[in-house]
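Trainee: Here the protein sequences line up with chains P and D, keeping their order.
Using this note's numbering, the first residue of the first sequence is number 1, and each one after it goes up by one.
Using this note's numbering, the first residue of the second sequence is number 1, and each one after it goes up by one.
Don't read these hints as lab results, they were simulated from the structure.
Please note that the accuracy of each hint is not assured.
[Said to hold, decoys possible] Subject to a maximum C-alpha distance of 27 Å in a straight line, what follows is the list of computed BS3-like cross-link-like pairs (lysine-lysine): (1) P:Lys143 - D:Lys12; (2) D:Lys13 - P:Lys145; (3) P:Lys105 - D:Lys42; (4) P:Lys75 - D:Lys59; (5) P:Lys105 - D:Lys12; (6) P:Lys142 - D:Lys12; (7) D:Lys58 - P:Lys75; (8) D:Lys13 - P:Lys142; (9) D:Lys19 - P:Lys153; (10) P:Lys145 - D:Lys12; (11) D:Lys34 - P:Lys105; (12) P:Lys105 - D:Lys28; (13) D:Lys19 - P:Lys112; (14) P:Lys143 - D:Lys13; (15) D:Lys19 - P:Lys105; (16) D:Lys61 - P:Lys75; (17) P:Lys174 - P:Lys145; (18) D:Lys13 - P:Lys105.
Values in this document were obtained by computation on a predicted structure and should not be read as measured data.
Take a look at the letters that make up each chain.
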Amino acid sequence: MKKIKAGVIVFPGTNCEKDTFDALMECGFNPEYIYANETNLKPFDMIILPGGFSYGDYIHSGRIAKFSPVINSIKNFNGLKIGICNGFQILTEINLLPGALLLNKSSYFISKNQSLIFKNKKISLPVAHREGRFYAPDDILKKIKENNMIFLKYDTNPNGSIDNIAGLVDYKTKTLALMPHPERAVFKNLNNGCDGRLIFEFFKELI
Amino acid sequence: MKFKVKITVFQKKDVLDPKGETLSSLLKRLNFDKNPVCSVGKYFELELNAKNKEDLDKKLKTICLDVLSNPLIEDYEILSAMEIK
Numbered sequence: 001m002k003k004i005k006a007g008v009i010v011f012p013g014t015n016c017e018k019d020t021f022d023a024l025m026e027c028g029f030n031p032e033y034i035y036a037n038e039t040n041l042k043p044f045d046m047i048i049l050p051g052g053f054s055y056g057d058y059i060h061s062g063r064i065a066k067f068s069p070v071i072n073s074i075k076n077f078n079g080l081k082i083g084i085c086n087g088f089q090i091l092t093e094i095n096l097l098p099g100a101l102l103l104n105k106s107s108y109f110i111s112k113n114q115s116l117i118f119k120n121k122k123i124s125l126p127v128a129h130r131e132g133r134f135y136a137p138d139d140i141l142k143k144i145k146e147n148n149m150i151f152l153k154y155d156t157n158p159n160g161s162i163d164n165i166a167g168l169v170d171y172k173t174k175t176l177a178l179m180p181h182p183e184r185a186v187f188k189n190l191n192n193g194c195d196g197r198l199i200f201e202f203f204k205e206l207i
Numbered sequence: 001m002k003f004k005v006k007i008t009v010f011q012k013k014d015v016l017d018p019k020g021e022t023l024s025s026l027l028k029r030l031n032f033d034k035n036p037v038c039s040v041g042k043y044f045e046l047e048l049n050a051k052n053k054e055d056l057d058k059k060l061k062t063i064c065l066d067v068l069s070n071p072l073i074e075d076y077e078i079l080s081a082m083e084i085k
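Assemble the whole structure, with the sequences as input and the hints as a guide.
Mentor: Here it is in structure tokens:
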């Protein structure tokens, strides 16, 4: 079977691209790096926005990345669009997903393995963020629930996210994002478990 | 014409502001006030060229709504827009 061609988007300040690339390879994808000025996404079945601090996250997380050529192309890209951590922040900034990611309730940067609920089962994935508190006003939250967009929830809420939301998916636009880092839970020797593989398998289901 | 513009961006009142709450706790602990109400926002200074005031206002609206703030979570305020040489 032909491998899924996955574009890993790299901005100045992205720092999880190598982990994401390696995890994609391990999970049977065919990854390739794409840089901020790229506009041709035709060769790809999916694109993935990895974690980090795109353009230093000055002004607000994901705000400057929003104006890059590659993001402009993503808006018209019909394949699967994935955001991890900073990628989630970028996808909300460009309104491909609803809501926004704000400073954690505690103000602390959280870095730990986090218990989550995925497909009615408990899983564990690393989280590492300071601006990961998902927020949406009541009317938008209502729509999120009506459209079954919440695919991943925190088991115990680490950051004050509304409704324990850790990940959203929009089946219509084929857009998915999560704050935890599945790419850090693919290789056994990292001691973060291997539940990240379940998330990468979920990406395949969506293509 | 060249203008110097001062802009603030604050989170909307109904959105939790952990930095503001931390500042409130600090001022309370330092005995400045029993219940200080604080919010922490962002301050921007821009020097921009525009054909006239109307052109400047048009530019500023886009800059404020698209670049400096996210209207879902933040409000902006243009404190001043003065012509400079």
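Trainee: Is the Cα-Cα distance between lysine 19 of chain D and lysine 153 of chain P 27 Å or less?
Mentor: holds (25 Å)
Trainee: Can you confirm whether the C-alpha distance between lysine 145 of chain P and lysine 12 of chain D stays at or below 27 Å?
Mentor: holds (23 Å)
Trainee: Given the hint that lysine 19 of chain D pairs with lysine 105 of chain P, test it: the Cα-Cα distance must not exceed 27 Å.
Mentor: Cα-Cα ~9 Å, so holds.
Trainee: Please verify whether lysine 105 of chain P and lysine 42 of chain D have alpha carbons no more than 27 Å apart.
Mentor: holds (18 Å)
Trainee: Holds or violated: lysine 58 of chain D with lysine 75 of chain P, Cα cutoff 27 Å?
Mentor: Status holds; Cα separation ~25 Å.
Trainee: Is lysine 13 of chain D within 27 Å of lysine 145 of chain P, Cα to Cα?
Mentor: This hinted pair holds, its Cα atoms lying about 24 Å apart.
Trainee: Does lysine 13 of chain D pair with lysine 142 of chain P here, judged by a C-alpha cut-off of 27 Å?
Mentor: OK: lysine 13 of chain D and lysine 142 of chain P at ~20 Å, within 27 Å.
Trainee: Against the 27 Å threshold, does the CA-CA distance of lysine 19 of chain D and lysine 112 of chain P hold or violate the hint?
Mentor: The given pair, whose Cα atoms are some 22 Å apart, holds under the 27 Å limit.
Trainee: So if I understand the rule, the pair passes when the alpha-carbon distance is 27 Å or less; does lysine 174 of chain P with lysine 145 of chain P pass?
Mentor: holds (17 Å)
Trainee: For the pair supplied as a hint, lysine 143 of chain P and lysine 12 of chain D, is the alpha-carbon distance within the 27 Å limit?
Mentor: The given pair, whose Cα atoms are some 21 Å apart, holds under the 27 Å limit.
Trainee: Take a quick look at whether lysine 61 of chain D and lysine 75 of chain P sit within 27 Å of each other, Cα to Cα.
Mentor: holds (23 Å)
Trainee: Please work out if lysine 105 of chain P and lysine 12 of chain D have their alpha carbons no farther apart than 27 Å.
Mentor: holds (16 Å)
Hint compliance for this structure: no hint is broken.
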